[in-house]
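With the sequences and hints as input, model every part of the structure.
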Amino acid sequence: MPGSNVVIVESPAKAKTINKYLGEDYTVIASFGHVRDLPARDGSVRPADDFAMEWELGDRSKRHIDDIAKAVKSANRIYLATDPDREGEAIAWHLSELLRDKHLSDDREVQRVTFNEITKTAVQTAMANPRAVSQELVDAYLARRALDYLVGFTLSPVLWRKLPGSRSAGRVQSVALRLVCERESEIEIFKPQEYWSIGVGFTTPGRVAFTAALTQLDGKKLDKFGLPTRAAAEAAVARIQPQAFAVSAVERKQSRRNPSPPFTTSTLQQEASRKLGFGATRTMRTAQKLYEGIDIGGETVGLITYMRTDGVSLSQEAIESARQAIGGQFGDRYVPAQPRVYKTTAKNAQEAHEAIRPTDLNRRPDSLTGALEADELRLYELIWKRTLASQMESAVLDQVAVDIASPSKDVVLRATGSVVVFDGFLKVYQEDRDDSAEDDQQERRLPAMEQGDALARGDIAPEQHFTQPPPRYSEASLVKKLEELGIGRPSTYASILQVLQDREYVRIDKRRFFPEDRGRLVTAFLENFFHRYVEYNFTANLENQLDEISDGRINWKTVLRDFWEPFELAVNGTKDLTITQVLTTLDDELGPHFFPTPTEGGHDPRVCPVCQEGRLGLKLGKMGAFIGCSRYPDCRYTRPLAVAGEESGGLPEGPRDLGLDPETGLPVTVRRGPFGAYVQLGPAPVEATPAPAAVEEPPADGKKPKAKKKAKDEAPKPKRVSLPKGMAAGDIDLDSALRLLALPRVIGTHPETNEEISAGIGRFGPYLKHGSAYKSLTPDDDVLTIGINRAVDLLAEAAKKASAPAKTLGDHPKTGKPITMGSGRFGPYVKHGSVYASIPKATEPDSLTLEQALELLDAKVAKDAAKKGKAPKEADATSADASGEAAEKKVAEKKVAEKKAPAKKTAAKKTAAKATDTTEGTAEAAPKATKAKTTKAKAPAEAGAAEAPATKAPATRKKAS
Numbered sequence: 001m002p003g004s005n006v007v008i009v010e011s012p013a014k015a016k017t018i019n020k021y022l023g024e025d026y027t028v029i030a031s032f033g034h035v036r037d038l039p040a041r042d043g044s045v046r047p048a049d050d051f052a053m054e055w056e057l058g059d060r061s062k063r064h065i066d067d068i069a070k071a072v073k074s075a076n077r078i079y080l081a082t083d084p085d086r087e088g089e090a091i092a093w094h095l096s097e098l099l100r101d102k103h104l105s106d107d108r109e110v111q112r113v114t115f116n117e118i119t120k121t122a123v124q125t126a127m128a129n130p131r132a133v134s135q136e137l138v139d140a141y142l143a144r145r146a147l148d149y150l151v152g153f154t155l156s157p158v159l160w161r162k163l164p165g166s167r168s169a170g171r172v173q174s175v176a177l178r179l180v181c182e183r184e185s186e187i188e189i190f191k192p193q194e195y196w197s198i199g200v201g202f203t204t205p206g207r208v209a210f211t212a213a214l215t216q217l218d219g220k221k222l223d224k225f226g227l228p229t230r231a232a233a234e235a236a237v238a239r240i241q242p243q244a245f246a247v248s249a250v251e252r253k254q255s256r257r258n259p260s261p262p263f264t265t266s267t268l269q270q271e272a273s274r275k276l277g278f279g280a281t282r283t284m285r286t287a288q289k290l291y292e293g294i295d296i297g298g299e300t301v302g303l304i305t306y307m308r309t310d311g312v313s314l315s316q317e318a319i320e321s322a323r324q325a326i327g328g329q330f331g332d333r334y335v336p337a338q339p340r341v342y343k344t345t346a347k348n349a350q351e352a353h354e355a356i357r358p359t360d361l362n363r364r365p366d367s368l369t370g371a372l373e374a375d376e377l378r379l380y381e382l383i384w385k386r387t388l389a390s391q392m393e394s395a396v397l398d399q400v401a402v403d404i405a406s407p408s409k410d411v412v413l414r415a416t417g418s419v420v421v422f423d424g425f426l427k428v429y430q431e432d433r434d435d436s437a438e439d440d441q442q443e444r445r446l447p448a449m450e451q452g453d454a455l456a457r458g459d460i461a462p463e464q465h466f467t468q469p470p471p472r473y474s475e476a477s478l479v480k481k482l483e484e485l486g487i488g489r490p491s492t493y494a495s496i497l498q499v500l501q502d503r504e505y506v507r508i509d510k511r512r513f514f515p516e517d518r519g520r521l522v523t524a525f526l527e528n529f530f531h532r533y534v535e536y537n538f539t540a541n542l543e544n545q546l547d548e549i550s551d552g553r554i555n556w557k558t559v560l561r562d563f564w565e566p567f568e569l570a571v572n573g574t575k576d577l578t579i580t581q582v583l584t585t586l587d588d589e590l591g592p593h594f595f596p597t598p599t600e601g602g603h604d605p606r607v608c609p610v611c612q613e614g615r616l617g618l619k620l621g622k623m624g625a626f627i628g629c630s631r632y633p634d635c636r637y638t639r640p641l642a643v644a645g646e647e648s649g650g651l652p653e654g655p656r657d658l659g660l661d662p663e664t665g666l667p668v669t670v671r672r673g674p675f676g677a678y679v680q681l682g683p684a685p686v687e688a689t690p691a692p693a694a695v696e697e698p699p700a701d702g703k704k705p706k707a708k709k710k711a712k713d714e715a716p717k718p719k720r721v722s723l724p725k726g727m728a729a730g731d732i733d734l735d736s737a738l739r740l741l742a743l744p745r746v747i748g749t750h751p752e753t754n755e756e757i758s759a760g761i762g763r764f765g766p767y768l769k770h771g772s773a774y775k776s777l778t779p780d781d782d783v784l785t786i787g788i789n790r791a792v793d794l795l796a797e798a799a800k801k802a803s804a805p806a807k808t809l810g811d812h813p814k815t816g817k818p819i820t821m822g823s824g825r826f827g828p829y830v831k832h833g834s835v836y837a838s839i840p841k842a843t844e845p846d847s848l849t850l851e852q853a854l855e856l857l858d859a860k861v862a863k864d865a866a867k868k869g870k871a872p873k874e875a876d877a878t879s880a881d882a883s884g885e886a887a888e889k890k891v892a893e894k895k896v897a898e899k900k901a902p903a904k905k906t907a908a909k910k911t912a913a914k915a916t917d918t919t920e921g922t923a924e925a926a927p928k929a930t931k932a933k934t935t936k937a938k939a940p941a942e943a944g945a946a947e948a949p950a951t952k953a954p955a956t957r958k959k960a961s
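Residues 1 to 961 (the UniProt record's numbering) make up the sequence shown, in order.
Simulated from the structure, these hints should not be mistaken for lab results.
Computed from a predicted model, the values in this text were never measured in an experiment.
Glycine included, C-beta positions come from ideal geometry on N, C-alpha and C.
Among the clues, some could well be false.
What the hints assert, rightly or not - The calculated lysine-lysine pairs, modelled on PhoX-like cross-linking and capped at a C-alpha distance of 25 Å, are:
{"#": "1", "residue 1": "Lys863", "residue 2": "Lys814"}
{"#": "2", "residue 1": "Lys427", "residue 2": "Lys253"}
{"#": "3", "residue 1": "Lys191", "residue 2": "Lys427"}
Said to hold, decoys possible - Computed Cβ-Cβ distance ranges for the label pairs, DEER-style:
{"#": "4", "residue 1": "Arg161", "residue 2": "Ser4", "range": "21 to 27 Å"}
{"#": "5", "residue 1": "Pro130", "residue 2": "Pro640", "range": "55 to 61 Å"}
{"#": "6", "residue 1": "Asp502", "residue 2": "Gln329", "range": "40 to 46 Å"}
{"#": "7", "residue 1": "Lys16", "residue 2": "Pro813", "range": "22 to 28 Å"}
{"#": "8", "residue 1": "His531", "residue 2": "Gly23", "range": "43 to 49 Å"}
{"#": "9", "residue 1": "Gly298", "residue 2": "Asn541", "range": "47 to 53 Å"}
{"#": "10", "residue 1": "Arg553", "residue 2": "Asp502", "range": "49 to 55 Å"}
{"#": "11", "residue 1": "Pro667", "residue 2": "Pro640", "range": "28 to 34 Å"}
This is the structure in structure tokens:
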């Protein structure tokens, strides 16, 4: 019997937790996120009709709304308890509008409640202090949603018409993509500059050794490029060698290092990326679980406060709790005299929420070891340590700088170091910094020295350096940059980065963003024809206006009008734009990328390699952009978009010699094959030319002569190892090649089993082997450097997943057999009988319902049936047929039929794909597509159960013409 009060939240996990905190008079029900949205078709936002918006109930939402309506009918009051941010306010507004349209709120009180943490105290306090839905926050949501829709549904068709093959363009995603592409351009045009440094070893009278760096020569202070060449460095070494040295000055000063503030959404994503290797999506998904509640000892408890916030403040209650925890665990020395108060510095910070913190600081991470998954525990520990450290005493350091000079002071060197006098917050937490190498140098400990001490000089070590290009963006640094520019909101960063990857505009390799050629084309198009709308200041100012709407300082429709009128003019201005004009502009813009300037005497990358007369340039076909010859149709040379040499892994046509193996004396080369680049030890085996066959008389008995056995002295195949993903063929040297060829390598012995753990490269990439178990390495792990501790952790995670029982969602309504959920090599899936269906990325596995699972399984059965040209069968029928005597009989009959059927050879037909530029009326040759072989789908492999990897890369085969 439903209670007299209905509380509506977003997720079933949140509903389950809150339901335990409220009495029998309350029914807590989930809306499963947004219940309605703008239909994905033209006209959902109508600027001519004063920006009227048409909303549509999602297919899956209909069932949830019916459940809510059923619960509400017998209720007296309705509480909308969605998340305490703009998105939560929007969901509350949609729910209230739906209830009003169904006349379910006519005689019932509808109120809004928010809480920053899901604890019994916070929930009961919120229920006692309800409010109305905030119209200002709703208006800000409506403005943002309308802007995103208008940009996407107006700009994307322009992209599709003028730049075939491109995907959609988003308002904020396009700006983030521009950042990634601009950084790549900076790297490409970067010219490294040589410089030298000189380190000198010294020994004190107490026989303690240390190193100092040359800082002054002939009274002139040396900057970074003070020694620009080898000759300059050698001249400086010659000046140092005959000199005697003594301590000329010792500077000592004490400094204090303050802790960082507690986490906001963006700083949590940045630090989780640096310390834990988590992507933004993974961080937010894990934080959501910690916020909504974890079952601990039979009680569901929310472990952290709301994780979408840009506030850095803590409540008074949290500060007092932190100070008590610090004093109790570390002593009063670590508690500052006054509580620390933090203020946000973000440009468009407006959320009045607390920072992300544990709901109870006395709940130490080590007490949750058995209750949390590995990711949950690691993220909770990070948040707990950061929160506690933010209220701890500052660290105190003694910094020392020692100047060492020759008698005439014409040569001066300096050694720096520091000593931690009091560790303070460093006892618990230290933030990862971009200048960590410099910090390490500063924190070296120097021996005790006094002015006038004579020092014994040791080795002089000149070292060559080259300036480095700016690093590619990681998820952490890109989020930080977006926040600095005031672009996006805390709740949107994860989705922005995910959309860029889903549209294949960027890829992530070794935790760094690389723009795909498709992304560079889109960015170049937008910068040249819609420059204003990808400007950083324009996007940031628009964000500021949305904040003003939420504060009630500006009307949301005024913002939309100011945006729409010039934007519509800009779009209309591209109607007469021809594809030839677009191609010419993009070819000029991206020419240096696709056709790098050749080295002196090198081949001009613009010259067609087939006809040797035409000029290569950008072309557009039905399938998108490609590189083609200007003499088409006389010359039909094409290739996919790629930097010259990039499709071969940065390798020239032939193998590249790296040197000789010191053990065997065999040559080591890096080569390319049909399956990618690999390193090889030894020359390729030379195939002997067969001697002409002798004409033999047929035997008297008419029998066919027996085939001769292969000669035993054929040259053995050389050892080959594929390059792991992320390792560029052009960057391979002899040392790294020899280390790859030495794989598999022994990492160490497992502390529990005393069995060897080794690392190698197989069919599915880098792996670990422990006994008979295999575990694939993550993209962030290096097969050449992974250590024993990390290896043991990965194996433990794999064993835990493999032993975890499959989660049962319920029984199939037709067969009565269970539907289970698991995770395999290709991600999470649902299973019924022999049918496996992947769970979409956009769906959170933990929130999957039985009804959603049935939809996925039915869709999978229909898809498989369509491939075979058969009518779709029911999921239960497929499952039943796949097991039992009937299935065995069918398989046996099929095998017999296959044996009897004569083999037929079919010749493959080759077709040249052509693309027509309808705007210009000229046909362009499109790149040929290679059709992949189709194989029968297999059931997903359980996590960690990789096949035994192969030790050699496949042999090189000739490419099909």
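Status of the hints after comparison with the structure:
no.: 1; hint: Lys863 x Lys814; result: 20 Å, holds
no.: 2; hint: Lys427 x Lys253; result: 22 Å, holds
no.: 3; hint: Lys191 x Lys427; result: 42 Å, violated
no.: 4; hint: Arg161 x Ser4: 21 to 27 Å; result: 57 Å, violated
no.: 5; hint: Pro130 x Pro640: 55 to 61 Å; result: 59 Å, holds
no.: 6; hint: Asp502 x Gln329: 40 to 46 Å; result: 44 Å, holds
no.: 7; hint: Lys16 x Pro813: 22 to 28 Å; result: 24 Å, holds
no.: 8; hint: His531 x Gly23: 43 to 49 Å; result: 59 Å, violated
no.: 9; hint: Gly298 x Asn541: 47 to 53 Å; result: 52 Å, holds
no.: 10; hint: Arg553 x Asp502: 49 to 55 Å; result: 35 Å, violated
no.: 11; hint: Pro667 x Pro640: 28 to 34 Å; result: 32 Å, holds
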